[in-house]
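**Q** Here is how the chains run, residue by residue.
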Amino acid sequence: MSIRLLLTFATILALACTAVAASETRPQTPTSISGARILTVDQARALLDQKAATFVDVRSPLNFGKSHLPGAILVAYKEKSDYAVGFDPAQDRFDLGLLPADKSAAIVFYSDGTTGWKSYKAAVLAVRAGHRTVFWMRDGFAAWTAAKLPSEQ
Amino acid sequence: MIESRWSIRARLLVAGSLVLATVGVLATTGAYGYRLMERSAAAVAAAAEASVRVQLTMRSLDEILLTEGTVTARELAARTILEFERAFPKLLAATDGDELRQQFENTIAPKWHEFGSQAQAFSMIRSPDPSNEEVMIAFGRLIARANDLSADIEHWHRSISARAAADLSSLVSVAAVIAVFMVVTLLALFWWTYRGIIGPISGLASAMRQVAEERDYALRLPGEWHNEVGELASGFNSMLEQIDERDRHLAAQTAELRQARDLAEAGSLAKSTFLATMSHEIRTPMNGVLGMTELLRQTELSPQQRRFADAVHESGEHLLAIINDVLDFSKIEAGKLGIESIEFDLRQLVEDLASLFARGAAVKGLELLCSVSHDVPAAVRGDPVRLRQVLTNLVSNAIKFSSRGEVIIRVQVIDQQPQQAHLRFEVQDSGIGISEEAQARLFSAFVQADSSTSRRFGGTGLGLAIARSLVELMGGQIGLQSQAGRGTLFWFEITLAKQDTSAHLATATAERLKGLRVLVVDDHPSNREILAQQFAGWSMPCTCVSAGQQALHELQQATAARAPDLAIIDLHLPGMDGFELARAIRRDARWAAMPLIMLSSVNVAADHPERANAPIDCYLSKPVRQSDLYDAIGTVLGRESPRLASMQSAPASLPAAVAPAAVGGRVLVAEDNAVNQAVAASMLESLGVACDLAENGRVALDRLTRERFDLILMDCQMPEMDGFAATAEIRTRQRAGLLCEPLPIIALTANAVTGDRERCLAAGMDDYLSKPFTREQLAAMLQRWLPRTERAPAGTPAGLSTLAAIAGAAVVSGTDEAINPRALDAIRQLPGPNGARLVERVIDAYLTDAEIRFAQLAAAVGTGDAAGLRQAAHSLKSSSANVGAEHVAGLCRELEMIARRGSVEGAETLLSDIETQLPRALASLQAMLGGAAGGTSGKPQRPAPVPLGDTG
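Taken in order, these protein sequences are the chains called C and S. With this note's numbering, letter number 25 in the first sequence gets 25, and the count goes up by one each step, no holes. To get this note's numbering, take the position in the second sequence, counting from 1, and add 153.
Looking at chain C on its own, in the form it has when it is part of the complex (with noise of 0.2 Å):
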C-alpha cells in the first residue's frame, strides 16, 4: 500500500517537473556574433584540453552546482532583458570585473543551449568591454554532455 503510495507521488513529482521545462520557448540565439567566435563543443574541448582559455560559466549558480565545463568559472548573468541581438544590457546584470584582467586572454562563454542568450549576451558585453579573444560555445552546456565531454560538480 505505502509502496503504491509513494510511487503515485514519485510519479506526479516528475510530471510537474516537465510540464515546468516544457513552458520554456525561447527563440535560437544568433548563429554569429561580432567581435567573438562561435566555438563548436569539439573546439571548446580542444581549448579546454590546452588550457589555452578560461571557461565562463554563465548560467545560474544552481545549474553551475549541478554541473558545469571542468575547470569553468562562474559568472553568473543575470538576465531581464528581451531574447533578441539588440537586447537593452541595462536591465541585465553582468559583472565584468570577475574576467580575467588581461584583454586578450582567450574566453570561453557558455550557457544552456542554443537558446541560451545568456552566453550570447555577455560575450556581446565582453567584446564590448574590450576583450578581444573572446568565444562563445553556442551549442551549451546540453551539447557538451550530449557528446558525454566530461564535466565537474
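If you are wondering where the hints come from, they were derived from the structure by calculation, not from laboratory data. Ideal Cβ positions, reconstructed from N, Cα and C, are used throughout, including at glycine. Be a bit skeptical, because a hint or two may be false.
[As the list claims (entries may be wrong)] The calculated label-pair distances, taken between Cβ atoms and stated as ranges, are:
id	chain 1	residue 1	chain 2	residue 2	range
1	S	T220	C	A90	23 to 33 Å
2	C	A146	S	D251	34 to 44 Å
3	S	T220	C	Q28	32 to 42 Å
We have chain C already, so just place chain S on it with the hints.
**A** What follows is chain S alone, placed relative to chain C:
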C-alpha cells in the same frame, strides 16, 4: 524377470511415494517462485520509497531555500533527512545475493551517506538565500547528487527485478523440466505397475476363461509371477489339480457305475426274458389245470368233490390272475409291452365292463353306476384290451374296498378335436379310502395301501402299478383323490383317436326322440344326474324327481304343452315303490297310454312277484347301458299297445353277458398237448360245437383237404409243422382255390409276449386266444367268428324239454315264496346242452352246501366269531341268491352286515329265522330237482337232504 519379483504392494508403495515426491517438488518450486516474486516486489517497493525519500529531502531543502531558513522549514528538513536515513536498511534488506550486495555497498551506500550528510549540512546553512551564489551552487550540487542517487537506485531496482525475473524464468524452466520428468516417470511407473498387476491378472483371467470354456482342467497357469498374482495362480492351479483329481475319480466311479448298470440291465433283461419264458411254461400247464377243472365241474360230483373242484378252479383263476399281473409287470419293466391301435366302441366297452361287475357289486349290496357323457365319441381307435384292463383293475378295487354305497364309473370329454378326443375316466367308490401317506406310494409296484389290506382283500399289489404303466404307455396320466374313510376317486386321462366313420346311433331314431319330455323318478341322486345327462345328450327335456308322490304331483301339475311323453321309474323308491307308482299313474286317464320304463337292479327285477301284472312297458336292469335305454325308448314309443309288449320286452332285462347267442359249426383243433386237446374239445362240446382234433399242422392240413370245417383253433407251437407254417400253407392253398373260403383261424398261444399277436396276424390268422383261456373267452371268440344259428346244432331237444319242465315246476311252486324260480332262469339261459344239467348241479350243490354253511353260521354265532360268521353268511347269501332262495339270502345279508361291524349281537334271532326258512327253500328245490330229473337222461335221483337238526 526381476521386475516380477516386486509384489503388487511394493509396486503400489513405490508409485505412491513417487507421486508424493512429485507433488512435494512441485510445491517447493511453487513456494520458491512465490518467494522470488515477493522479494522482487519488496525490492520495487524499497526502491520507490528510497526515490521518494530523496525527492522529499530535496523538497525540504528547497523549502529552506525558499523560506530563507525558517525554523519550521529546518525542522521539517531535519525530519525528512532522518526518514531518508532510515530508509537505507530497507534498501539493504531488499538487496539479495552477494554480488548485488557488493555492488550496493560499492555504489549506492557511499552516495547515500554522502547525500545524507550533504543534505544535513545544507539544512544547517546559516543564511540560505537563493541569491547567494555559493548556496545555490551547493544546492545545485545536491540536486545532481540526488539525481545520481535516484538513477543508481533505479538501476539497482532494475537489476534486482531482472535478477528475480531471471530466477523466476529459470525456476519455471526447472519446474517444466521437473514436470516433464515427473510425467515420464509416472507413465513409466504406470506401465511398470500395469505390467506387474494388470498383466498377470489378465493372464490369469484368460487362463481361467479358457479353463471354464474348454473345460480343460489339465491346463496349468505359468508360475512366472512371484507376487500376490503368483499366489493366486498357484491357488488356482491347486484348485484345477483338485478338480482334475476329482474328475479322474469321478470318471473311474462313472465307469464302475456304468459297468454295474450294464450288469444290472443285463440281469434285468435276463430276468424279464426268464419271466416271459416262465410264463409260457406256466400257462401251458395252467391251461390244463383250469380247463380240466372246468370240465370236472360239469361232471357229476358229490357235493364235497364239487367243493374241491370249485376250490381248485377258483384257486387256479386266482393264480392265473397273479401270473398275468406278474407277467404284465415284467413286460412293462422289460419295455416289451406294446399298445395297440385298433378300432373299438368305447361306450360299449365301458358299459360291458359295468355289466360284468354289476352282479358282483349287487351281491355286495353296492350300487354300480355307469355314466358315459353323451359327447364321448363311441367309435375310437386305441387299445381296448389295455383300457379294459385298467378300468377292470380300478373297478374291481373299488368294489373290493367298498362295503356299502355306490361305485360310479364316469367317462367325460376334456377336450375334443376332429381327429382325437382327450378323455377322463373316473372310478369313484365309497369305500375305506386311502390315507395320504399311502397315496404317495400307491402306484409303486408291490405296494398296497397297508399290509393289513393285503391280508384282508388279497392281491399282488401290482394292479395299480400296471394300471399306471399302461396309462402312461397310452400317453396319459393317472391319479387319485381320496380321504381315508370317505371313499376314493381314481382317475386317468388319455387321448384316443376317433374313427373316421362315425359309428353313432342312427339319426332316424334320434330325430324321433328329439324334443320328447321325460319324467325320471329315482331316489338316487347320481342316477338322476346320469339319466339327465343322457337325455340332454339326446335333446330330450327331462324332469327329475326323487319320490313317487313328487312324481304324481308333477304329473298333476303338468299342462298339455309340458306333459311328459315318457316316464322312467326306479323300482326301489322310498315310501311308494315303482310298481305302486306305475299303477297310480295308470289310474289317471291322461297317463294311461304313457310309456313307462322301469329300472331295477339285476337280481330283483327279473323275478319280482309283481312284475307279471305291473303296467310297465319295458324293464331295464342297472347299470343301464345307454344303447339299451335308447333302444328301449325307441321300442316303447313305436308300439301301439304298450301293455302287450311288456311280456315281449322281458328278455331285454336279462344281462347281455349271460345270454350269448348260440353258435354252431365244426371246429378243427390243431394242438399237440393231449391235456389241452381234451380241454378244448370239452369246452367246444359244452358250447354245442362239434370238433375234431389234429396233432400238428400237417395232420390239420390233411384233414382240411378231405373235410370241411368252419373254424380252426391253431396252436402256434407244434412238432413237425407249427401253427404259423400251417396257416401260411392254408392261406396259400385258399388263394390257389384248393381250399374253400372263408376259414377263420384262431391262434392259441401260451406266449403272451408282445409281437405274438402281430406274428399270428402276419401269418394269416384272424385272431388269437391266449392260453389258458376260459370257456367264456372261447365262446366269445366262437361267437365272433362262427356263423350264427338260431339253435345249437346238437342236443337241443333234451335241453328244451328240460327247460320247459323246470319252468312248469316253477310256475306250480310260484306261490311258494321260499324259492323264486326265475332266479334259475339265468343259468338255464346258458347255451348248449348243459344248461339244464347246470341247473341241476347248482341246486345239487346248494343242497349240500347250505347245510354246511348253516352249521358254520351256528358255530360262529355260538363262539362269537364275527369273521367266521361274516364269511359263512356271505357264502350262504351268494349261493341262496343264485338259486332264488331270497328270504334266506336276505337274512344272510343282514347277518353279514352285523358280522362286518365286528360283532355277533342280534345274530341269534336271524339265525333262528334262517333255521325256519332254509328247510322250506331246500324242500322246494328238492321238489324242483325231482321234477327236472324226470325229464333228463336218466340222471340218478339225489338223496333227500338231511334235516337241519341233524347237522347242527
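**Q** Please go over all the hints and tell whether each is borne out by the structure.
**A** Tested hints:
1. Roughly 32 Å separates the CB atoms of T220/S and A90/C, a value that falls within the hinted 23 to 33 Å.
2. Look at A146/C against D251/S: about 37 Å separates their beta carbons, and that is inside 34 to 44 Å.
3. At roughly 37 Å, the beta-carbon separation of T220/S and Q28/C lies within the given 32 to 42 Å, and the hint holds.
When held up to the earlier numbered hints, the structure conflicts with none and fits them all.
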